Structure formats: structure tokens, C-alpha cells
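If you read the protein sequences in the order shown, they are chains C and F. Counting from 1, position 338 in the first sequence corresponds to residue 338 in the working numbering; the numbering is continuous, with no gaps. Counting from 1, position 135 in the second sequence corresponds to residue 1135 in the working numbering; the numbering is continuous, with no gaps.
Heads up, some of the hints might be wrong.
Unchecked claim - Below, computed lysine to aspartate or glutamate pairings styled on EDC-like, alpha-carbon distance capped at 20 Å:
id, chain 1, residue 1, chain 2, residue 2
1, F, Lys1137, C, Glu17
2, F, Lys1057, C, Asp409
3, F, Lys1057, C, Glu412
Note that these hints are calculated values from the structure, not bench results. Quick caveat: nothing in here was measured; it's all calculated off a predicted structure.
Chain by chain, the residues:
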Amino acid sequence: MNFLNALLNGITNGLREILAHKFRSLLTMSGIILGVAALVAMVSVIQGMMASFRTFFEETGGVERISISRADPPPEQANIAPLSPGRTMLDARALAASVPLAAAISPKVGVGNQPLQHGNKRDWMGVTGCTPDILPVERLEVAEGRFLGDLDIEHSSQVVVIGTLVRDHLFNPNESPLDQIIKIRGTPFRVIGVMKQYGITQPDGRNPLGWKNRGVYIPITTAIRRFTGSDQLTDLNVKVDSVEHLNDIVPQIENTLHVTHRGVSDFSVDTTEEALQELAKVERQFTFSLGGVAAISLLVGGIGIMNVMLAVINERIREIGVRKAVGARAGDIFVQFLAEAMVLSVCGGLIGLSLSIGLVTVMGSILSTIFNGKPITVPVGAMMLGFFFSVGTGIISGIYPALKAARLDPIEALRYE
Amino acid sequence: MLVELQNVRKYYEMIGETVHALDGVDFSLAEGDFLAIVGPSGSGKSTLMHVLGFMDKPSAGRMVFDGDDVTNISPGRRAWYRANRLGFVFQAFNLLPRLNVMDNVMLPLSYCRHRVPDARPRAIAALERVGLTHRLKHSPSQLSGGERQRVSIARALVNSPRLILADEPTGNLDSKNVDRILELLTQLQKEGQTIALVTHDAHVASYASRVVTVRDGKIVEDLRRKPATGVAPTA
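Pulled out of the complex, with its shape left as it was, chain F reads as follows:
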């Protein structure tokens, strides 16, 4: 298993009241899987995503990543995991407006804490996988929404992550681009990439090989639609 969560809880203190964003989640994610986390807003799916993404720390329970217990690691270590083991794709793309496409894609490599001598070829290879090598010097504002999201996928790919986390990656796109991005993600899974995606859109979830439904901080449904191997489903 790539990630294992054991009875993970997350509380927030809100003016004298404790909010249980995650209320005992047991869950594991296999390598090569394409997971969709669905649920209504306020269900805790974003919190689950943040915990999986090393952005947030569980209040209780245990988390294992790639065989290592990462429940109580330091903030600096969390940053290391984000830089070296994870890739993020956001709903609002979140490209830095002042950097061109190339520099945006190379951004995670500057936080790896070791010199990456082949940063440029790696960034170009990542952009090749999303089909945007002809836009290296463009600034994000010169790109369409679909292109921006492909750049941000390239940014997520550049450090060869074990897991890509995508938070509503198609929320800001028109339907044509939605399919394009989802096909791209499916393609990445076929190449062996593990992906976890948060959405409330059933159409988006239909591309995933496994769909987990979260409600009131608990996993209420866990459906496998296609095999997790990352091999194309046999019709």
C-alpha cells in the first residue's frame, strides 16, 4: 500500500465547539490506483485530501506512507514529502503569474533540498507529457484555462511524485476541457501514476478506478470500478 490511514481523526476548535472534520477514517490507497473522493461540501473530503497531501496533520490515528509512519513528523519533514513525493493540482490552477510556464513547472524542484542538475530537461519532459512544449516562455495569463491546468499537471509531475493529489481539477473548466484533463489523468494512471482526486461531480468521478464517498467525516461508501493496476481496463 502506498498510503494507509488507521482510524484518522481531525478536530478543529471553533469558538468553544469541536468540529470533527474527520471522524475515524480507515482507508488505504494502492499504488497505481486512480481514486476519486466524492461527497457533499462540508463532508470532510477536503480535510482528507489535506491529510493525504501532508498539508494537515491528523489529530488522532495513524498514517503510513510508503511503509513509513508519518503521523507525527515535523513541519519541515512534511514539506520534504510535499516537495519530493507528492504533486498538487488545484481547482484554481494556482500558477504564479510572474513566472513563465517553464519556471512554474520547475518551481517544486527548487524546494527538493538537493540540487537537481537536470531541472530543465525534467520540466520539458513533464510539459511533453501534457502536450505543451510549444509554450515554454509564455506567461500563465497568455494561456487558456485548459492549458493552464495542463501546466499545473506538468508542475505536479516534474518531481516524479508517488502520488498526485487533485482538488476539483476540472471545477474551473468548460466541458470540452474537462474531458481533456480527465483523459490526461487517465493516461497518467495507465503509465503507472497513482492519483487521488476530490470532486463532487459524478461525471468526473466516473473516470476513476475507485470512488470513495465521504459524509460527516466518515467514509460511507467505497466502490471499485476498474482494477487498480494502472493497466487499461479490458472491455
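Bound conformation, chain C alone:
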């Protein structure tokens, strides 16, 4: 009760002192302002970036996805490397036959950006040759019509399934694209399905999941016959039937592929678990290095406040003497100056917080165009962190000056000129 009263008095006094020396106070607070702004902005940006990485990761298949990518064979296999046919449709068939833990196998042949045409509407989009298994592996769904079927693959049919963005570019809003013919580099394809709409377009025109709406899917055999002319795959992904089997499926895949690749290790089997661990490591590194920078600037800010408080006490020795003469105890003086240091650093912290919101908005708009992610906002946790750090800095940097003030002898203090 008495302590609270003293604290309240100290806060009023602190505000009065800040207002009496506006410019000096601003300079004093600058360290805290920058420290808190840096701390909060860094935490927000890291969290935002990591969140958009995670969404991307989830939307591309999550932990269950295993990707088989091309790798350079080890040097001792250099002489037999040409024997390997590389990743082909044969791999997909072999995996289907001999890896029982695989729930789905999705070979892909990317055809790159191709001109699309419907009537007088034209567009350029990346075209993908794939099999029906792409749906479970990449977590895609058809909204209208149907997806490619096994028969389409077998017959190399000229059929296509398009994403909503492609539909919007090639068709009028009230027109159904189903059974219409679109031309891909001059070759006619019949539209048999439209994919689900992913994500919601933000007011600023961005859609964090927009990349999922750009698909143009044709049978993989058609892609090979009509476009690439070779059965080399650009992607080969496998979905494991359950996450517990992740460790078992990798050697199964490797053994199978060593057969089809004639013993050449020109591939690598990557689970996203590794990628996830890598991501967590990056996050930690970011947090520690940037958090360290912010911590140092807060430390410097604290030293600045301590320095000014020491000067202020020297300037106000008489005031301390008067207060003691009219009945202030050492504790009252201690609380008063501690509260002043806290008011300084909390004001600095609040200014820093508002600055960090601006900083995050600017950095977020730059970063989200790069990472195509969710808009980055300042999380409440980061704001609390910044605020408590500034309060803590105020207390720590105020203790020594406040002790010094509290210990002054009233007679000496009153004599001080």
C-alpha cells in the first residue's frame, strides 16, 4: 500500500521529469527504443518467415512426402554412371511393384511455361505431366469434373485439368470450362476438370497459397510424347502410408532404384523430416544471432539510462536532501528514482514497440513478396517480450543510481551547491 503509493508518486515524478527535459529524455530512451524495436521486429519477422515456410511445407505434402531427386554419383562410380537411365517411368513402375510401404507414387514431367489459348484469350503457364497419384502426394483436390485417370495415362489422351487461376485467365466468369478445348502450344486439349480454389486472395491482391492455383495438369505420357520427347522425370515423389514407416521406406526405395539404375547411385532419397530439422536449426540460428543483436542494443540502452540517471541524481542532490528532511526514508528515495528509470525505459519501450510495428509492416511487405507467404504481423508474444525487456532494463539500470540516491546523507545533500 505504502510501496504502491511511493511507486505511483515515482511514476508521476518520472513523467514530469521526462516532460521537463523532452529532448534529453528522447536521447536517453533512444537505446531502449532501438533495442525494443529491433527485438520485436526480429522476432516477428523470424516467426512470420517460419510460419510461411511451414505453410508451404504442409501444402506441398507435409512429412509424409519423400522426394527422390537427382544427385551426382560418387566419384568411384564415374565409369559406370552412363549406364544409368536416370529417373524414368520405369522407376515409378518398379517402386509401385516392390515398395509396399508407399501409399502413392507420383512421377512428374515438367514441360515448363507454355502458351495456352482458348478462343482469343491467351496465357502462359507451367504445364505438368503427371499421374493420378499427384493428388494424395501433393494434397490436391478436384472441385469440378474429374482428374486424370489411369486410362488417360495409358492412352496418352489430350486432356487437361486446370487450376482456378488458369480458368480465370482463359474463360469468362460465367463460362464452364468443362469439355471445352484449350490449346497448349497449338495442341488441342479437352478440359476435364478444375482444381479446388486454394487460399483466399487478400485485399492487397496477394494469396499466400496462390501458387497452388496455377496448375495445368496433363497425362505424363502425353507430356513425354508431345513435349519433352524423353522419358526423363523432373520430379519423383512418394507418399509413405504412415509416418512411423519413414525410416523403413527409405532403404526400400533405395534398393529398388539401385536395380533400375543399374547400381549407379545417381539419386538421393530425401524425407521432409530432415528438411524440417534443418528449418528448426535455421530458426534457432536466426533467433540467437538476431536476438543477440537486440539484446546488445538493449544492454547499451540500459547503460544509457543508468548514465543519465547518475547525472540526474547529481543534479538533484538538493532535492533528495529536501525530500529526506521532510520525512522521506531511504526506501522512498530508492523507489522514486527506480520508478523514474522505469518510466524512462517503459516509455522508450512503448515508442520502440510502435516503431517495430512500422518496421515489421515495411519488412513484411518486402519479405512476403519474396517468400510469397502470409502477411507478417507483430505477434502479441513478441510485443509482451519487448515490453517486459524494457521494464527489466529499466529496473536493472535504475537500481544502482537509485541506491546511490537513497544512501545520500540529508545534511550533506542540503549543503550541496
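With the hints as your guide, set chain F onto chain C.
Frame of chain C, contents of chain F only:
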């Protein structure tokens, strides 16, 4: 007796040498008295004042305030006496420049250690007694020297102290204001207020009802000029 000092000594250690600021003072102060402590500088009159004001602790001897032995009380208890039983008036006024007149007067009440619900009316009443109710919102720098000293007297009065201590209260004032302040103090004594004042000015001392002369840490003279009752002297 309001205050009794029995063989009070105060030593200071100064680079291997002991300075006897007070060298065995026996003295008592009655309620309603207006005491002047006079003496040359270095005589120990300020130390006596600080001991009476609970700012300094005697090295030896005994001090009784209002019947309680206060010789060896804790610093926190001393602060309590300063906040609740004493009022200070300084030569240099010592008003806090950042606070207005009203807040300066209310300052001691914030250190009373109990809530003072009627702080504002009490401060206004104190300012009324010194005739400054029209300056509540002024800052000390906007006041004349005489007005500042009256504010500081109001500050000393606000906690209804048993004893007001004034250290050269007129040292920074012109002669017109000197008389005004001294008449004010005399008026307070008539209302029953006990006052102890330190000065080296015989004119100032002439307003007091009792004059104590200090030299070399000892009381060398104790003169009663008027009765201590706080009643106006009969001519």
C-alpha cells in the same frame, strides 16, 4: 518538556582528528517556546539543529522527544519523526522547482506513511496561515524571495508539527521581508507553535522568547526574554 538533551555529544572523524561539534549539551525546550540558537560559525549551532531535527544522531548522551527516548532510533524511525512531528524551514527555501506551490506544500504529507485524505484542504489551510492562497498553481520561480519563504513555512506547517526548525530563515531576504517572516513566526508562536531558529543575527534573535548561545560545542548562555507560553507578552 517537548525536547530534552542530556549531555549530548557529537564527534566527527576528520583525517585522524576528532572534531567535537557538540561537547556535552544539556538543554530542554518547552512546548510553545520560540527559541533562537545563536553563535559564530563553527560553534556547533547547526549540529545542534540537526540533532534536534532528527537529521543527525548524537554520538553520546540522551535525547528525549515528547517523553520518548529517541537517542538510538533507526533511520526509518527518524524519517517518521521528520515527516510527522517536525517542520523544516531553510535559508535557501529549498522548494522543489518542478512542483507548483500546492504540490510543494503537500510534499511532507506524501511521506507520512499513512494516507492523508484531506491533504489538499490541509495544504490550503497552511497556505492561508502564511497568506498565499492566491498562488496555488504558481511555480516557485514565479515567486519573490519573501513569498518563497512563506511557502516553505506553509510546507513546514502542513503536517501540524510539534516543532518547527528554521535554519537562518531570513538569511536570503531583504530587511522588509525579514521582518515579515519573523512576524509570521511570532504569530505562529502565539497560536501555540513551538519554534527553534538558528541565526547569527541579533535582530532576528530579538524576536525569540529565549536565546541560547553556543560556542565550541557548548551552551555558554541561555537567556529568557519573554514567557514561553506562546501568549502575547504583556507590555
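For each hint, the structure was consulted:
For the hint linking F:Lys1137 to C:Glu17, the alpha-carbon distance of about 18 Å falls within 20 Å, and the restraint holds. Between F:Lys1057 and C:Asp409 the CA atoms are separated by roughly 12 Å; this keeps the pair inside 20 Å, and the hint holds. For the hint pairing F:Lys1057 with C:Glu412, the CA-to-CA distance comes to about 14 Å; that is within 20 Å, so the pair holds.
Of the numbered hints given earlier, the model fails none.
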